[in-house]
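A.B. asks: Put chain U on the given structure of chain B with help from the hints.
In order, the protein sequence lines correspond to chains B and U.
What the first sequence shows, in this note's numbering, is residues -14 to 353, in sequence order.
What the second sequence shows, in this note's numbering, is residues -14 to 353, in sequence order.
Careful: at least some of the hints might be erroneous.
Ranges between beta-carbon positions, derived for each pair [as the list claims (entries may be wrong)]:
| id | chain 1 | residue 1 | chain 2 | residue 2 | range |
| --- | --- | --- | --- | --- | --- |
| 1 | B | 346 | U | 99 | 25 to 35 Å |
| 2 | B | 346 | U | 350 | 23 to 33 Å |
| 3 | B | 118 | U | 250 | 21 to 31 Å |
| 4 | U | 347 | B | -3 | 21 to 31 Å |
For the record, the hints were derived by calculation from the structure and aren't laboratory data.
Where a beta carbon is used, it is the ideal one built from N, C-alpha and C, also for glycine.
Residue strings, one per chain:
Protein chains: 2
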Amino acid sequence: MGEWLKGTPAGGVTAGANIFDFPLPVATLDADALSHNLTTMAGYCASHGVLFAPHGKTTMSPEIVRRQLGHGAWAITAATAWQAAVLASFGVERIILANQVVDRGSLQVLRNLPDVELYCLVDSPEALRLVEPLKPRVLVELGLPGGRTGLRDDAAALALAAEVEAGPATLAGVAAFEGIVAAPTLAGNLELVDGLLHRMAALAAQLPVDDPIVTVGGSAYFDRVVAVLGGGPWRVVLRSGCYVTHDVGAYDELSPFGAAGRGSLRLRDALHVWAPVLSRPEPGLALAGLGRRDVSADAGLPVPRAAARVTALNDQHAYLSIPAGSDLRVGDIIRFGISHPCTTFDKWRVIPVVAADGTVRDLVHTYF
Amino acid sequence: MGEWLKGTPAGGVTAGANIFDFPLPVATLDADALSHNLTTMAGYCASHGVLFAPHGKTTMSPEIVRRQLGHGAWAITAATAWQAAVLASFGVERIILANQVVDRGSLQVLRNLPDVELYCLVDSPEALRLVEPLKPRVLVELGLPGGRTGLRDDAAALALAAEVEAGPATLAGVAAFEGIVAAPTLAGNLELVDGLLHRMAALAAQLPVDDPIVTVGGSAYFDRVVAVLGGGPWRVVLRSGCYVTHDVGAYDELSPFGAAGRGSLRLRDALHVWAPVLSRPEPGLALAGLGRRDVSADAGLPVPRAAARVTALNDQHAYLSIPAGSDLRVGDIIRFGISHPCTTFDKWRVIPVVAADGTVRDLVHTYF
Chain B
-14 MGEWLKGTPA
-4 GGVTAGANIF
6 DFPLPVATLD
16 ADALSHNLTT
26 MAGYCASHGV
36 LFAPHGKTTM
46 SPEIVRRQLG
56 HGAWAITAAT
66 AWQAAVLASF
76 GVERIILANQ
86 VVDRGSLQVL
96 RNLPDVELYC
106 LVDSPEALRL
116 VEPLKPRVLV
126 ELGLPGGRTG
136 LRDDAAALAL
146 AAEVEAGPAT
156 LAGVAAFEGI
166 VAAPTLAGNL
176 ELVDGLLHRM
186 AALAAQLPVD
196 DPIVTVGGSA
206 YFDRVVAVLG
216 GGPWRVVLRS
226 GCYVTHDVGA
236 YDELSPFGAA
246 GRGSLRLRDA
256 LHVWAPVLSR
266 PEPGLALAGL
276 GRRDVSADAG
286 LPVPRAAARV
296 TALNDQHAYL
306 SIPAGSDLRV
316 GDIIRFGISH
326 PCTTFDKWRV
336 IPVVAADGTV
346 RDLVHTYF
Chain U
-14 MGEWLKGTPA
-4 GGVTAGANIF
6 DFPLPVATLD
16 ADALSHNLTT
26 MAGYCASHGV
36 LFAPHGKTTM
46 SPEIVRRQLG
56 HGAWAITAAT
66 AWQAAVLASF
76 GVERIILANQ
86 VVDRGSLQVL
96 RNLPDVELYC
106 LVDSPEALRL
116 VEPLKPRVLV
126 ELGLPGGRTG
136 LRDDAAALAL
146 AAEVEAGPAT
156 LAGVAAFEGI
166 VAAPTLAGNL
176 ELVDGLLHRM
186 AALAAQLPVD
196 DPIVTVGGSA
206 YFDRVVAVLG
216 GGPWRVVLRS
226 GCYVTHDVGA
236 YDELSPFGAA
246 GRGSLRLRDA
256 LHVWAPVLSR
266 PEPGLALAGL
276 GRRDVSADAG
286 LPVPRAAARV
296 TALNDQHAYL
306 SIPAGSDLRV
316 GDIIRFGISH
326 PCTTFDKWRV
336 IPVVAADGTV
346 RDLVHTYF
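This is chain B alone, in the form it adopts within the complex (with noise of 0.2 Å):
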């Protein structure tokens, strides 16, 4: 079945190919973007002094992947046992698994890894249990009250790190997740964020752990945990899945080195999905080719290179308003950036990696 993944041609990609003959809708990512947020991003790390995770369940993806490492990248992230695995397959050969792991199956899972340095989260005795006769080093996880995972509480944390020290695991530090505080206002969540970077830096400090690993940082706050964390008496690992491939929507809105950013880096914006023109059945609205099927839409919708509005989306069709007097004809192809990149890449199984004329430069493989 190799030849019929989606956004490929039959028969497969021929040296050459563009992807205006492709079979639409396609993913693409934009060659020279890829490359300029790899390099962007490494940059920033190795010259912040911090160490480089990126998450890896952003893309799943054996090129990608290799390319994170390939430019420095200290570990990768996993969501999932089953994710760590992946990873393991691709040559991964240190891995956070920034979860918690409960279940037989991927308890199994982790038992089987290959030599891997493998890091584990525990929020609670009941986890740490289940997951320490693996001997994984374990990281302590903090959370936001009303957040996701994560002790709420610094004294219970102190002490579930007692409980990891005492038993088979090692201890190995504090993580947490930032990136989905949910304040009304940008300030309110970086003081949100800050204040769960000092609680973090709190933690670690009172670990008896030499040279704790603190970890922290999706694609939208990492500057803070930067500023924050920096320089501190522990390694810092950022875990950014996001920034690789950058959007125009989210992550362009809440990224320090985003259109708006805080920082003086720029990351651009490298995964697109082009589709046609399908319909224009009444003024104003006209139809395209791509739907939920093809493209986040968790985020923000898709955002059309065209004078052009994206109001909705079925699994295979999007709703664009247009001007009355817009010149959009059936056949015309759209270029469409996203919002999101996680969820956009788990719509594809392969994405050519294209120059600015659309030829096809490389291929790049997905697994999830």
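C.D. replies: Just chain U now, kept in the frame of chain B:
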């Protein structure tokens, strides 16, 4: 990479495997419910004298599509040229491509199809010009004002049918899709649907075609198609897709064979996702290990078979609101029902078909 399919154990699935040994999350198909739904819908179509072209886009699974054909499906429906090619590779010999096909690459895919009886939709002279060199069987598409694709104007539809007749393609009938009407009430939806069906009948009656095809009918309102169009001087072809697994959400609410159904038959929800409780970080909150990567969220959140309610999904986590005194524990495994099968199927490359006790009877593969 065959062994690294999400939802299967490392090393693959062996005889007698039980999904409670799989790394979670895992999606499953209830073997009995799946068989029940296949039989129920096939029997309904046969007894009402309508043809059935189940929508292949729901599952894109060779195993399920072949069972649909085995139950007497007249054709299989596709949403894109690429899907049509994949369905042909499954052995499907008659395909309704229920969409416009306008881009060069997709037209080439259709040109390369093996010996398939292909039906295409057109809703504009522009779309006809693009597809007619392939000499397909053409269905003129009607649509509702404010809706998706399809001609709003019946005179224009008749004129387009005449254009088809005058060109190299073969005029075959009329198509529409009624499943996306969105009146404030179910009664309002049914009125809109019936109006569209009467327009289809009027157009079909005027076509210069012996025995025209009139095709419409998703999984929500197919009873109205049978009631309004059944017994006319045409062949009625239903295109339901979601019936095959049904759900506990949108389709259970809308389908004539759902919980509050208008018909006497009942479909059963056959598609589930299983995930463990990862964390209980504060009173009233539990996190489970499934997210947008694993289950649809576009037509309602997953429904746990537990005293809990899903309030939100991240990529890999579900937030569960639980009662103050909940005895849900870290490591407990919960079965989730889903809303909208299409966007759950596309998150899995393999889905075990299981007996009530979790024993794997079979595997279903998907090609999205």
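A.B. asks: If a hint holds in the structure, say so; if it does not, say that too.
C.D. replies: Verification of the hints:
1. 346(B) with 99(U): 25 to 35 Å: For residue 346(B) and residue 99(U) the Cβ distance comes to about 32 Å; the hint holds.
2. 346(B) with 350(U): 23 to 33 Å: holds, 30 Å
3. 118(B) with 250(U): 21 to 31 Å: About 50 Å separates the Cβ atoms of residue 118(B) and residue 250(U), which means 21 to 31 Å is violated.
4. 347(U) with -3(B): 21 to 31 Å: Holds - the Cβ-Cβ distance for residue 347(U) and residue -3(B), about 30 Å, lies within 21 to 31 Å.
Consistency note: the structure conflicts with earlier hint 3 alone.
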